[in-house]
Structures are given as structure tokens and as C-alpha cells.
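**Q** Here is what each chain is made of, one letter per residue.
2 protein chains.
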Amino acid sequence: MKLKFFTILSLVFSTTFLKAQDSLMLRKIYDEALVNGQCYSNLHYLCKKIGARLSGSPNAQKAVEWSKKLMESYGFDHVFLQEVMVPHWVRGAKEVGIIVDGNNKISVPITALGMSVATPKEGITAEVIEVHSLKELDTLGEKIIKGKIVFFNRPFDPRFIETLRAYGTAGDQRNAGPAAAAKYGAVGVIVRSLTESLDDFPHTGATHYTPGGLNIPAAAISTKGANQLSALLKQKKSPQIKFYFKQNCEMRPDTLSYNVVGELKGSENPNKFITVGGHLDSWDLAEGAHDDGTGVMGSLEAVRILKVMGYQPKNTIRVVFFMNEENGDKGGLKYAELAAKNKEEHIAAIESDLGGFTPRGFGFSGLTTNQFKNLTQWKQLFEPYGSGRFVAGGGGSDIGPLREKTPGVVLIGFDPDSQRYFDVHHTPNDVFENVNKRELELGSASMASLIYLIDQHGFN
Amino acid sequence: MKLKFFTILSLVFSTTFLKAQDSLMLRKIYDEALVNGQCYSNLHYLCKKIGARLSGSPNAQKAVEWSKKLMESYGFDHVFLQEVMVPHWVRGAKEVGIIVDGNNKISVPITALGMSVATPKEGITAEVIEVHSLKELDTLGEKIIKGKIVFFNRPFDPRFIETLRAYGTAGDQRNAGPAAAAKYGAVGVIVRSLTESLDDFPHTGATHYTPGGLNIPAAAISTKGANQLSALLKQKKSPQIKFYFKQNCEMRPDTLSYNVVGELKGSENPNKFITVGGHLDSWDLAEGAHDDGTGVMGSLEAVRILKVMGYQPKNTIRVVFFMNEENGDKGGLKYAELAAKNKEEHIAAIESDLGGFTPRGFGFSGLTTNQFKNLTQWKQLFEPYGSGRFVAGGGGSDIGPLREKTPGVVLIGFDPDSQRYFDVHHTPNDVFENVNKRELELGSASMASLIYLIDQHGFN
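Quick note, the sequences are listed as chains A and B, same order.
What the first sequence shows, in the working numbering, is residues 98 to 557, in sequence order.
What the second sequence shows, in the working numbering, is residues 98 to 557, in sequence order.
Excised from the complex, chain A in its bound form (with noise of 0.2 angstroms):
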């Protein structure tokens, strides 16, 4: 009885002292960040030196070429590249888009879906049919869609608290919207734009044709520009209401280009790696400044702060700047391959792709009940710095295929604050100005004190 009075009595204690260790170094780690940060001038040289990164242009080279360059002036135990071929779609000239009114034209505006293909030279005009979802356009079926542009309107629902929930309930129709269109003989398909915000920037974003089927092109319509087209088809029907869309994107062989990866080795088990990271491409209307530009930077400056601090670790800790995560995905597929080819085994993987705003929390999967639960600790001591909100599910789309290529990973989501994000995502607003210094720094202090417990406790 003594003994194991003795063995509780030294749990709560080394306890106790575990965990005022790691709330010191949890400060230490905050204080670095927002005295010494370095990702928001990073960032800045990202956004205004390079600019838009669509895979396969030459600013997606220049990216990973300075990001190279960047990881290597922090003294990372190993930088490299990992090559991985990406789709090069290219928008050509600026789209127009037009609602005819008979001689009335009102002109809205548009801009291409990722992927899509152009009209022809010449622009295409056609009756218009609205639909809210893909379930209405089965409903209607070829005899009412064929030959006609469908235009999806089906808005964000302004409810659920967290936007990425609207996003991720509304996005089937830019996804899927034009491959089903087609089916039914469509010449062409509007999207309103995926976000809550009224106002007259068109949001782009990948769209996913079916194999083997009929590409159409597809646009994304400004929710001004939609609430207008959709007024004028309750005021006066078809075919008194036409749309003309032009647009002159094009799909170029695909192209040689690379996930940028820096290390600081484990010195306990170099073999197990702790990743974080976001993606270094992003769309071609701005700078991908929240998209994902913060999520990069952010992540880097993790283990900068780490690094700097003189943080030994005893695993792997890796950052990844992935490429290709908004048209094709080809960079987290090919991390996860090498990942397997080279048999590394993976502790956890943390993707910030969400935005740089004020830190809430972390989505966490593959953790059992029981592991979860134990987080209650972790998060105790996020809770000062307002980031203490773990919730089971998290990811993000460039570390899921980690999950089947290295089972036993658990995957992490970083989750901002989310009701900014679609203000900006995928638009010509997506630019640095939009980004704040301390919403920035304070997620990349959250990252690096996530990795760092990670890496000391493992989970338990």
C-alpha cells in the first residue's frame, strides 16, 4: 500500500511539474512568435514579391524556389524537394459575363471554375434555367435542361456558425454542378459564388468534370451579380432572360514542380516524423494571401520558433509546403507515397489551410475516445492564449492521404477563427492587406506549441 501510495503521490507530482514546464515553454513559444515574428514580413515578400502561384506557372517556381531558399537560411538539418507533376490550367483573357434582357444587357461579373474549359471563341448565349441543387437538376431532367446555361443559386446558409460548414454544404454545386449539368446536354453552368458576402467579387475554385464525359464551361457569378440574374428570371422568365458567357481558359500538358520540405531532426527517433503544414500554391486572381499563403508561412515559423529557440526534438519535425492542393491535390499524394515508399513512420500531421485569423483551436482524427479525452490537458494550457478549442475531425486536403499510407497518423486540422474567411477565399481580395500581424503570428504559436507537446508526450 505504501508503494503505491508513494507511486501516485510521484505521478502527481512529476505531473504537476510536466505540466508547468510545458506552460513555460508554451510562453516562451508565444513570446518568440509576437517579439521576434517573422512570418508576416515573410509573407509580405510571398504576396508582393511572387504574387499568385497557380501550379505550373513560372511564379509557382519562383514560390519554391525562395521557399527553398527560406528554409535553408533558418539552419534546418535537411531542405529539399520533392518532385511531383501537377495540372497547368491557365484563365487566358478575362471572362465576360452578360445578362441579356432582350436589348438590355447587363453586364455581371464572372470568372472561370478552375478547370473549366473555354466557350468557343465566339462566347455562348442561352436561356437560363435556376436551380438550388443537384437533386432539382435530376428532377428537371434533359427536356428542360438541354441547350441551356444552368445557373446553381443556391446561397451560403448564414446559420451555422462556422462558415466552412455553409462552404462545405453549398460547394457541391461548383464541384459537381457542371459534370451533372452536362449529363443533361447544359451548354454551359453559372455558380453563385461560395460565400455569405454581398458583393461583386466572383469566387473561383476547382471544378470537377467527369472522366470520360462532356466538359462544359463553368463560371462562378458574384452574389450581387447572382441576386440580379435570378430578380430578373422571377420578373420576366425565359426566354425573355439570356445569359452570354465568354471565357478563354485552357489546359496545358502537365508540368514538373515540387513540395518544398525542411527537417529538424529527431534525436530519439529520426525515423518518426511530426509534419506541419499548408500549401504553397494557390488560385490566380490575387496573391493567396489567406489561401494559403498564411498557412506556409505560419507553419514554418513553427519551427522556426522551435529551431531558435535551441528545441531539440527528439522525433522528425518536418514542414511542407505542398503543391497543387487547389486543382489537383498531386503534392499530399505524393508526400504520402514517398511517406510509405520510405517506410517513415508518422506521428501526426497539422495542416493549416483555413485562413490566418485569431487561433480557436484543433481538429483532431485518429485519436481513440480515450486519447482525446487525455487532450483536456493540452487544451488547459491553450486556453490562456484563446486557442483551447479541440474538437474530434480535423485534416485538411493535402495530409489526408497520409491516413492510408501511413496508418496510424493522426491527422490535425488548425482551425481560425472562420468568419472572415469566405469574405476573401478564391477572389481578387485575397491579398496580404487582408492578413493581421498578430492573428498570424499567434497560429503559428499555437502550431508550434501543439508540435512541441506532440513531440514530448506523444499521445497517450
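I should point out that these hints are in silico values taken from the structure, not numbers from a laboratory.
Please note that a few of the clues may not be correct.
Remember, identical chains collapse to one label, so a pair may be satisfied in a single copy or spanning two.
[To be verified] Taking lysine to aspartate or glutamate pairs in the DMTMM-like style, the calculated list, with each CA pair at most 20 angstroms apart, reads:
no.	residue 1	residue 2
1	Lys-321	Glu-530
2	Lys-125	Asp-254
3	Lys-470	Glu-480
4	Lys-159	Asp-351
Model the placement of chain B on the given structure of chain A, informed by the hints.
**A** Showing chain B alone in chain A's frame:
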């Protein structure tokens, strides 16, 4: 024992039932705010059709009249004005600030501190003495300070996670610096703007002269300007570097103005009050969007939501648009004075004056330790909405005077995310465009929810 057991059972049952009912009510409140919200369009009117509304200005009067009509349009049970005499300070022509480096003159952005006196018409030129604290001023003493311009240049401490704490610890330079420097014979004061952001926008804000003391002119300098001045002082020392500034402000006679009050009458306790509010006045440099347009429009929205949902409060719910928070607090003082005079019993008062950012929670003053612990149940209700951070200690300038005048009142500060507030606070950037619709709506819903819970359950 059986009875006791039964009592425990029914307590458990009723608590669970109440919790489910409350949870349902909160969901309805959030839905109304997010689907039918009016605060964003109301804020647009206040910012764009009225604009800056410093106490005593014609715009402040316009804001009072419009606000009263707006409350009346919502069908509240009682809408009225409370007369309050306010200071009437006027900035006059735009200020000029110049670093004089021999023959080289470098223009830097400055703005007069609120309530400051003017310089002589020709401006002031003097040597500059840079200090970092009021204590340092005491150490230097009259011999060194006399005849000089004192330049307070202690920056925000970035290590505070909540920027309000950085503001709190740097703020003495603006509030008390000019009066302290005057004691030692300084001829003017320049204060580093109270922000961590490095930019060209000087931040105004009130300074407080010592009654009967000498009033010397005082201005804020932008953070970039402050860094430039400090660097030159280090390179070249006084007396090579001088500073010139000219400002044209004046104090006019006190003016009659108003608090604007709207009520939903309590069905059980009409003389018991739950107050929610912000301040209607703003600084003159912009539109007072975050400070404190969001506070008044968010508070009004909270009460509108309850009204439109047909909620019958037990206690009287009051929304108050306080006048003159920025440079006198006369509205808050008057409100408390009248509450005492009219023998009103005040249960709680909530103030929203920290911007219209994503809500994180509330701070409470005036609760016993047990009462605060009991809030855990409410906190759980707020967590799905990201607004469950309840801290001990909270309130606001406008509701502060209630503590003395209506003992027993619980003072509550609405706490939105603080990271971006000091980017715009008291600057030309505090405009409507920097407010996010959803963030504002979520804040109004969180206040409506708290009012509902207090009204239903009180503080047990």
C-alpha cells in the same frame, strides 16, 4: 431519504429540462441574428449617413435623433432621452508635425489628443526629450525638461495575448503624460500612438489635464513617425533635432446632449433592470465604426431580437446609447445618477465597447465566487457559438458608475476578439468597411442570449 432522493431526481430533471429550453432559445436567437440581422445595415447608416459624432457636434445630435426614431420603429415599450451636458471640444484645422533636422524638415503624421489645447498660432518648435515612462520624467526633472517637447515613446508590449492589456499598460503616456510633463515646464507633448501596428495613422484619444495645472498642447504621432523621430534622436542627439507642431483645437462651452434609451417592460419586475449598451459618441477622425458604432448597433440588435421573437421579459430590459464616453463619461454618470434618483433596482449591465469582432465571451464584476462558478452551466450553452470564455472582472466606462449608485448590480463587459481593435481605434481607419457583418451579428446574438439567461434565472 426517499423524499430527498425524489427531490434530487426532480432537480436533475428540471435542470436538464431548463437547459434544453435555454439551448433551444439560444439557437433561435442566433438564427434571428444571422438570418434577419439588422445591425449591419443600421451601422452602415450611422457610419455613412451620419459619420463622426464627437460630443457636442451637430453629428452627435443627428445621431441622437436618428437613434430615437430607430428604437421607436422597433415598437419598444418606451423610448426616451436623458438630458446630459457634455464637453464640446473641436479639433479645428488639420495639425502639422515636422521633425526639424537642421535645414532638413521631415513631415510626420500627428493628431491632437482629445481635450488638448492649441499651440500658439505660429506653432511650437523646441528640442525633444524622448522618455519611456512617467517615472523617467520624474527622474529627469525640471532642469532637463523645461522648455522642451516631451516625446513619450514606450511601445505596446506585443507579448500580451489580449491587446487591451497592452493598451492598458501603455495608456498612461496619453492619459497622464501631458499633465505630468507640464509640471516640469515642458512646452508640448508628443505621444507614440497606442497601437502595435506600424503605420502612418496617428491615434487620437483623450488626455487629462490636472485641474488648475498648466495645459500644454499634446498630440499623438504615428508609430512610423515615432520610430523615425527616435532613430534621428539616437543618431544626432538634441539640440540638432527639434520638433515643430501646430494644432488648432479649442474647447467650447458645454452643450446639451442626450443618452438614448429604449425599454421592453418587465412583466414581473418592471422596476428591475437589465441594461445593455455602448456609446453613441465617437472621435472625429472617422466614422466611429468599431468604436463604438458596433457597440450601440449590436446592443440595439440584441433587444430587437428578443422583441421580434415575442419574448416577454420578467424584468425590464433596456438598451442605452450613452453619450460622451470618449471625452468625459458624462452620459454614463448621468445614467447612474438617474437610476439612483428613480430608485431603480439594477440586476445587471452589459457594455459593448471593444469593437464588433468575433465574440469570445464576457467578463463579470460583482459576483460572489459561487455565483461565478454557477455560470459554468451558461458557459456550456455559449460554447457551440464560440463565445464561452467567461472571466472574472469586466465592465465598461459607461456602466461603471452604476456600481456605486445601484449597489448589487453585476457589471458585464462583452469581450470580442481583441487582435484587430488597435489597428483602427481612434484613427481615420475606424470605418464601416473594417467591420465584418457576421462578426457583428454573432456579437449581438451572444448579448441577447446573456440577457435572456439573466432575465430567466438571475445570478444564483
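**Q** Next, verify each hint and record whether it holds.
**A** We went through each hint and held it up to the structure:
When the C-alpha separation of Lys-321 and Glu-530 is checked against a cutoff of 20 angstroms, the pair qualifies only between copies, where the shortest distance is 17 angstroms, while the shortest distance within a copy is 24 angstroms. In this homomeric assembly, Lys-125 and Asp-254 come within 20 angstroms of each other (Cα to Cα) only across copies, at 15 angstroms, whereas the closest approach inside a single copy is 41 angstroms. Proximity of Lys-470 and Glu-480 under a CA criterion of 20 angstroms is satisfied in both settings, with 16 angstroms inside one chain copy and 17 angstroms between copies. In this homomeric assembly, Lys-159 and Asp-351 come within 20 angstroms of each other (Cα to Cα) only inside a single copy, at 17 angstroms, whereas the closest approach across copies is 62 angstroms.
Checked against the numbered hints listed earlier, the structure breaks none of them; every hint is satisfied.
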